[in-house]
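Novice: With the sequences and hints as input, model every part of the structure.
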Amino acid sequence: MKTFKKLSLVFSVFLITFFGEIAVNLACGGEIDPYDYYVTYFHNNVEGDEYSPFAYNQMAYLNSETDVESEPDINSREWAKYLNVKKEDVLKVMYKTDSATDVKLVNFDGNISQLPDSLQQNSFIQALSKRKEPLKYYLFAKSCEPLANVNFDLWDPKPRDTAAMTDKAKEALKLTEAAKDDFLKLRYAYQSERMFHFAGLHTESKSTYETYIKTSKVNSAIKGWALALYAGSIRRLGNPEESAFLFSKVFASNPERRIQAYKNYYYTSSPVQGALKYAKTNNEKANIWAINGFGNADSGIESLNKVYQYEPKSQLNGTLLVREVNKLEQDLIEASDIAKIGYNYYFSDNGNPKYKDSLKNINLKHLNEIRNFAVKLATEKKYPQPELGTLTAAYLSWMENKDFMASNYLALLKPDKLPERLRDQYRITDLLIKAKNIKKGNPFNENDLLPTLKWLDEKRFAENKSQSNGQYYDSDQAEKRFSRTTRNFYQQILAPAYLNMGDTAKAALAMVKGDLTFKTLKENSLFQNMSYQSIAFWQKNLSPKSMQGLAVYKTKSTGNDVTGLLASALNQLKNDDFYELYGTTYLRTHQYDKAVQMFAKVSPAYKYFNPENWYGDESNAKLYANPFIETINDFPKKYVTAKASITKKAFAAEMLRLQKLAVSDKKNAALYYYKMANAVYQTGYYGNSWFLISYDWSSYDNSNPSKYVYDGDYKKAQTAKAWYLKARALSTNVDFKAKCTFMLAKCLQKQIIMNANPLSFYYYDKKDVKWRNFIKANYNNPYLKELRFNYAKTPFYAVAAGECSYLGDFIKPKTQN
Amino acid sequence: MRKISILVIFIFLLFGCKQKTVVNPTFYYWKTDYQDKKAETAYLNQFKSKSLYVRIMDVDFNPDLQLPVPVSPIKFSDPIPKETDIIPVVFIVNQVFNKIDTLQTIVMADRIAKFVAAKVKQAGKPGYRELQIDCDWTKGTRNRYFKFLEQLKANPLLKGKTISVTLRLHQVKNIVSSGVPPVEKAILMCYNMGNLRKYGDQNSILDQHEMDLYLKDYLEQYPLPLDVALPLFEWAVVFRNGKYAGISKRIGKTQIGDKKLFKQRENSILYDLLTDYPAAGLKKGDVVRWEQVSAKDLLATSKFLSRYLGPRDRNIVFYHLDTDLLKHFTNENLQKVIASF
Numbered sequence: 012m013k014t015f016k017k018l019s020l021v022f023s024v025f026l027i028t029f030f031g032e033i034a035v036n037l038a039c040g041g042e043i044d045p046y047d048y049y050v051t052y053f054h055n056n057v058e059g060d061e062y063s064p065f066a067y068n069q070m071a072y073l074n075s076e077t078d079v080e081s082e083p084d085i086n087s088r089e090w091a092k093y094l095n096v097k098k099e100d101v102l103k104v105m106y107k108t109d110s111a112t113d114v115k116l117v118n119f120d121g122n123i124s125q126l127p128d129s130l131q132q133n134s135f136i137q138a139l140s141k142r143k144e145p146l147k148y149y150l151f152a153k154s155c156e157p158l159a160n161v162n163f164d165l166w167d168p169k170p171r172d173t174a175a176m177t178d179k180a181k182e183a184l185k186l187t188e189a190a191k192d193d194f195l196k197l198r199y200a201y202q203s204e205r206m207f208h209f210a211g212l213h214t215e216s217k218s219t220y221e222t223y224i225k226t227s228k229v230n231s232a233i234k235g236w237a238l239a240l241y242a243g244s245i246r247r248l249g250n251p252e253e254s255a256f257l258f259s260k261v262f263a264s265n266p267e268r269r270i271q272a273y274k275n276y277y278y279t280s281s282p283v284q285g286a287l288k289y290a291k292t293n294n295e296k297a298n299i300w301a302i303n304g305f306g307n308a309d310s311g312i313e314s315l316n317k318v319y320q321y322e323p324k325s326q327l328n329g330t331l332l333v334r335e336v337n338k339l340e341q342d343l344i345e346a347s348d349i350a351k352i353g354y355n356y357y358f359s360d361n362g363n364p365k366y367k368d369s370l371k372n373i374n375l376k377h378l379n380e381i382r383n384f385a386v387k388l389a390t391e392k393k394y395p396q397p398e399l400g401t402l403t404a405a406y407l408s409w410m411e412n413k414d415f416m417a418s419n420y421l422a423l424l425k426p427d428k429l430p431e432r433l434r435d436q437y438r439i440t441d442l443l444i445k446a447k448n449i450k451k452g453n454p455f456n457e458n459d460l461l462p463t464l465k466w467l468d469e470k471r472f473a474e475n476k477s478q479s480n481g482q483y484y485d486s487d488q489a490e491k492r493f494s495r496t497t498r499n500f501y502q503q504i505l506a507p508a509y510l511n512m513g514d515t516a517k518a519a520l521a522m523v524k525g526d527l528t529f530k531t532l533k534e535n536s537l538f539q540n541m542s543y544q545s546i547a548f549w550q551k552n553l554s555p556k557s558m559q560g561l562a563v564y565k566t567k568s569t570g571n572d573v574t575g576l577l578a579s580a581l582n583q584l585k586n587d588d589f590y591e592l593y594g595t596t597y598l599r600t601h602q603y604d605k606a607v608q609m610f611a612k613v614s615p616a617y618k619y620f621n622p623e624n625w626y627g628d629e630s631n632a633k634l635y636a637n638p639f640i641e642t643i644n645d646f647p648k649k650y651v652t653a654k655a656s657i658t659k660k661a662f663a664a665e666m667l668r669l670q671k672l673a674v675s676d677k678k679n680a681a682l683y684y685y686k687m688a689n690a691v692y693q694t695g696y697y698g699n700s701w702f703l704i705s706y707d708w709s710s711y712d713n714s715n716p717s718k719y720v721y722d723g724d725y726k727k728a729q730t731a732k733a734w735y736l737k738a739r740a741l742s743t744n745v746d747f748k749a750k751c752t753f754m755l756a757k758c759l760q761k762q763i764i765m766n767a768n769p770l771s772f773y774y775y776d777k778k779d780v781k782w783r784n785f786i787k788a789n790y791n792n793p794y795l796k797e798l799r800f801n802y803a804k805t806p807f808y809a810v811a812a813g814e815c816s817y818l819g820d821f822i823k824p825k826t827q828n
Numbered sequence: 006m007r008k009i010s011i012l013v014i015f016i017f018l019l020f021g022c023k024q025k026t027v028v029n030p031t032f033y034y035w036k037t038d039y040q041d042k043k044a045e046t047a048y049l050n051q052f053k054s055k056s057l058y059v060r061i062m063d064v065d066f067n068p069d070l071q072l073p074v075p076v077s078p079i080k081f082s083d084p085i086p087k088e089t090d091i092i093p094v095v096f097i098v099n100q101v102f103n104k105i106d107t108l109q110t111i112v113m114a115d116r117i118a119k120f121v122a123a124k125v126k127q128a129g130k131p132g133y134r135e136l137q138i139d140c141d142w143t144k145g146t147r148n149r150y151f152k153f154l155e156q157l158k159a160n161p162l163l164k165g166k167t168i169s170v171t172l173r174l175h176q177v178k179n180i181v182s183s184g185v186p187p188v189e190k191a192i193l194m195c196y197n198m199g200n201l202r203k204y205g206d207q208n209s210i211l212d213q214h215e216m217d218l219y220l221k222d223y224l225e226q227y228p229l230p231l232d233v234a235l236p237l238f239e240w241a242v243v244f245r246n247g248k249y250a251g252i253s254k255r256i257g258k259t260q261i262g263d264k265k266l267f268k269q270r271e272n273s274i275l276y277d278l279l280t281d282y283p284a285a286g287l288k289k290g291d292v293v294r295w296e297q298v299s300a301k302d303l304l305a306t307s308k309f310l311s312r313y314l315g316p317r318d319r320n321i322v323f324y325h326l327d328t329d330l331l332k333h334f335t336n337e338n339l340q341k342v343i344a345s346f
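As given, the protein sequences belong to chains A and B, one line each in that order.
Taking the working numbering, the leading residue of the first sequence gets 12, the next gets one more, and so forth.
Taking the working numbering, the leading residue of the second sequence gets 6, the next gets one more, and so forth.
Rather than coming from a laboratory, the hints here were simulated on the basis of the structure.
Glycine residues also receive a C-beta, built at the ideal position from the N, C-alpha and C atoms.
It is possible that part of the hints are untrue.
Unchecked claim - Some chain A residues judged to face chain B by a derived CB distance under 8 Å, without partners named:
hint : residue
1    : Leu165
2    : Trp166
3    : Pro168
4    : Lys169
5    : Pro170
Stated by the list, open to error - Derived, one-sided and incomplete: chain B residues facing chain A with beta-carbon distance under 10 Å:
hint : residue
6    : Gln71
7    : Ile117
8    : Ala159
9    : Pro161
10   : Leu163
Specialist: This is the structure:
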C-alpha cells in the first residue's frame, strides 16, 4: 500500500508537472508570424498590387489594412486641378497641418498676411485668397471637421452632438442649392449627406444623395465616397442586400475606399445572391463574386469561375487565382521536420493518418480544379496576362510532384518576354523543379542552381537593408517575399535533400545559409544569427563526423560553386560557437582528448552555456553545477555557485585525466571508473549537469523516445551503467560494490521509465497492462535485488535505505491493491 | 413541547412588535434614450418617488480591444425631473471578471466612475447619492468582483456615496460560495428566477415555488440591508420542437389574444402557433410561453417577502418604467403591493 501510494504521489506530481509544462508551453509559445506561417514560394503579389490587401492570409482579417490609393492624394489632386495649383500644396494645407496652423486656417478670411510665411507661399492658399466661393466652401468644410473627425473612445461619455450635425447638414443643403459652381455644389452636397448620416438622419441623408450627388455630372471621387454613405443609409433603412450591392460598387470604383467598402459589404450580412439581385452589368456581378472570393478562406473555385465568366479581362482573376495557389500551398506543402513553420493543423503529428489522407485527396482535387482553370486562363487568352495561367499550372504541377508536366508548362513560356514579377516567379519555379534532382546517384550537377541562388541572395539582401539592433518586430515583414522564398528553399528543400543523401554537414550549411538574410552582419556569432529551427538542428543532430565535415567545408568557401556559396555564409560567422559545439559532440561521444582540443580553440573569454534558473532571483539567474559530486537522490538536484562550477572545458580535461589514470593507475581503476560514471550520470536528464551535453531540458524529454546520439546518456544513462559495471567488477571492496550496485539500479530505472512511455498513464488506469508492467519492472529491478541480497550488511546500504525512499520501499514492500 | 411553545410566543411577539417600515416605491428606467414622457413621469408623481434608478450602460468585454467597454450607454434627450433624484445603475456582464485581473479592474472602476458622473450631469443633475452595480456574479468571479467593488468605493469620485449591488436569489441561498459583497446595501431581484430555457408551463419571471426554495430559510439571515426589485414586464418565450428558441419581441398581448394565430393550451400559459408567422420569424407549430405578472402575483410576493425582511426603510423598485407595461396594473393594486411591505 505504502509503495503504491508513494508511486501514485510521485506520478501525480510528475503528471502535474508534465501537463502543466505543456500548458505553459502552449501559453508561452511564440506568436505566429501572420506573414510566415506556411511554406510558400509563390509570391502573392505576382499579379500586381491593385488588390494586395486581399491576398490570402488566414492569420489576419486582411493581408493589409492599407488601401492601395490614398484619399488625401486623390482629393488634393482634384482641388489642384480645379484651382490650377500644385497638388502638394493642397495636400499640405488640407491634410498635413499642425494644430496651431489649423487654428489660423479656420479663421482664414482671405487675408494672406495673417498666415505664417510658409503658408503665404502656398499656391493653394494664394488661390483661395483670390477666389471667394472656394474659400467659403473651404471654411465651411473646416467647420464640419470637428463633427466628422471624432476620436473613437468608447469610454468617452460625451454623446455625439447630433443637433450640431443636423444644423450643419441643413446649412450645407442650403449652400448646395445656392452654389453655382458644380465642383463646389457636389462638395456641399457631400458635406450635407455625411452630416445627416452621422446625425442618424438616414432618410435625409439618402435624399440629399439622390437629389444632388447621384445626378451630378462632375467626375469626382467624392461621388464614390458619397455612394458609400448612401449604401450605409440604405442598410440602416432596412435593405441590407441593396446596401451590399452598393458597397460592391464602391469597392470597384474607389480603390482609396476599397477596404472600408469590403468590410461594410460583409457588415450587411447579405448572401451573395442578395447583392446579385441588384447587379445588372457583368462588371457589377464580377465585383460581387470577387468580394465573396476574397472573403473565402476555403477553396474558392466558384467565385473564380464566375468572375472569369463575367469579366475575364479583370485583374481580379489573377488575384483570385494566386489566392487559390497560396491556399493550396498552405494545405499541401508540409514543412520539413527540421524546419517547422508555425503550426499547421493538417500536418500535426497526432492526426489520424486516414483522415490526413482523405484531406490530402480533397486538397489534390482542389489543386486539379485550380490547374484546369489556370490552363483555361492561359489558352483562352482573354485575360491580359495569360502567362500567369501557364506559370500557375507549372507551379501546381511541381507541388503535385509531377515535375515532367511542370517542366513542360514552363517550357511554354519565354522568360525574357515576361513582366518582371512573372519572370521572377518563373525563375523560382524553375529552381524548384531543378532542385528535385538533387538525389543520391543522380547525375544532376547542383551547380546549375548557382546563378539562381546568387540572384535570390541579391533579391533578399535588397529586402533587408540593415540589421536592426533590437529585437523589434520588423513591420515590413509582409513585403519580404524573397527572404521567405530563399530561406524556404534552403531549409525546406536543399537541407532535407542533403540529409537524405547522408550529408548532414552540408544540410547544416544550408540551414545557416537560409537564415542569413543580411549581406553584412553586425553581430556575427553563429547562434545569434540562426533561427530557432537551425539552432535546434545544429545542436541536436550534429555528430563529430558532421562537425568534421563542416570544418572541411569551411575551407572551401572560395570555390565558385554551391558548396562555396554555402561555406562562405558559415565563414561570415565567428568560430567560438562552432568549436564549442564541436567539443560538445566529443563530450557526447566520450572522446575527451578531442574535446579538449576543440575547447582549446574557443576564445578564453567565451561564456559557456549555463541554463537560466527560472526560479532564482537576479543574483541566481543561472544554474551552475559540478558533475563530480556524489548524490544518493536525484531530486532535488544539487547545484553549486558559479565559482565552484565546472565548464565543458574543465569537464573534458578532468574526464581525460580520469580516463588516462584508469589505464596508468590500474590499482585504483575502479575508483576512476566510478568517478567517470558518476559524472556522466549527472549529465543526464535527472542529473545536475545535463547542460554539458544538451542545450535544453524539458520535462517533455522524459516521455519522448530517444532520438539523438546523446540521448543514450541524457535519457538512458547507458555509459554510466557500463562504467559502474566496470568499476564494480574491478573492485573488491564490498561497500564500494554496494554503491556501484545502487547506482546501477538507478541507471536501469531510467530505462524502465523511458520504455514505459508515461504518457499512457495520464488516464491513471490502475488495471492498465502498461501501468502494471511499469510497476512490475520497478519491483523487478535486478540491481535492487542484488543490493538487498548481497550488500544488505554494508554501511552504504544502511545510509541509502535511510535516504532513498524508493530503496526503502523496495526493502519493505507492501502488497499493492 | 415547552420550547416550542416559547418559540411560538416569541414569534408571535416578534410579529406583533414589527416596526412599521417606510417604503419608497420607484422604478428602473431601462431604455437607452431618456425622454421625459408625461405618462411615465405621472407614475413617478403618483408613487411620490423620490428617486429613479436609471441604467447608464452595460459593460462587456470587447474581444477585439481586449478591454471592458460600455455597451449602449443611455442618451438623455430630456433632463430628469427636478424633484426626482437619479440612482445610476451600471450592468456589468459577469464574464468581464473572468477576463481581466484586479489591476485592470481599478482602471475599469475609475472609468465607470467618470462615465457615470458625466452621464448624471447630462441628466441635468448636480450629482447622485447612490450608485448601483448590477452583476450576476458567480463563485468564479466573486473575488475579482468584490475587489472591484472595493476599488470603486475607494474612488475619489464616489466619496460619500453609497454603492448598492443587485442580489439574485441563488446568491442569498448560497451565501457561502457566493459571499457577501463588500457594500452598504443590496437589492433583491425578485424576477427571472425560473428556468427560462426549460420547456414547460412554469413562469420563469416570478415563481413562488422558486422563492420558497431559495429564500424561505435564508432571507432572514442575509447580513446586508435589502431593497426589493419587482417585475412588471411580460414576454413571449418561443420554443421550437420543444427547444428554447428565444424571446420574441414581436409577440405581444394582442398577438397572443388573436385566436387565428394562437390557441391556448387549457389553463396554461402555453400557446400553440396555428400558422406561419413570418413577421416574427415564427413557424406553425412553435409554442409560445406567454409569461406575465399579475397584481395578485405581486401581492403574494410582497407578502411573502415582508415576512422575512427586517424592519427598515426600503426602496421597492419596479422593473421597469414603461407605460405599456404599467397599463396592466391599476394604481390601487400597485399601492396594495407597496403597502404590504
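Novice: Hint check: is the beta carbon of tryptophan 166 of chain A less than 8 Å from a beta carbon of chain B?
Specialist: holds (5 Å)
Novice: Holds or violated: isoleucine 117 of chain B as interface residue toward chain A, Cβ cutoff 10 Å?
Specialist: Holds: closest Cβ of chain A sits about 9 Å from isoleucine 117 of chain B, inside 10 Å.
Novice: Go through the hint on lysine 169 of chain A and say holds or violated, using the shortest Cβ distance to chain B against 8 Å.
Specialist: holds (7 Å)
Novice: Does the interface hint hold: is proline 161 of chain B within less than 10 Å of chain A, judged Cβ to Cβ?
Specialist: It is violated, given that the least Cβ distance between proline 161 of chain B and chain A is near 17 Å, above 10 Å.
Novice: Was the hint right that alanine 159 of chain B lines chain A, CB cutoff 10 Å?
Specialist: It is violated, given that the least Cβ distance between alanine 159 of chain B and chain A is near 19 Å, above 10 Å.
Novice: Under 8 Å, Cβ to Cβ, is where proline 170 of chain A needs to be relative to chain B, so tell me if that hint holds or is violated.
Specialist: Cβ of proline 170 of chain A sits 5 Å from chain B, so the hint holds.
Novice: Quick one, is the proline 168 of chain A hint okay against chain B at 8 Å, beta carbons?
Specialist: holds (4 Å)
Novice: Can the hint on glutamine 71 of chain B be confirmed by a CB-to-CB distance to chain A that is less than 10 Å?
Specialist: Interface hint status for glutamine 71 of chain B: violated (13 Å vs cutoff 10 Å).
Novice: Should the interface hint for leucine 165 of chain A be scored as holding, given a Cβ-Cβ cut-off of 8 Å against chain B?
Specialist: holds (4 Å)
Novice: Does the nearest C-beta of chain A fall within a distance shorter than 10 Å of the C-beta of leucine 163 of chain B?
Specialist: Not OK, violated: leucine 163 of chain B not within 10 Å of chain A, min 16 Å.
Consistency note: the structure conflicts with the earlier hints numbered 6, 8, 9 and 10.
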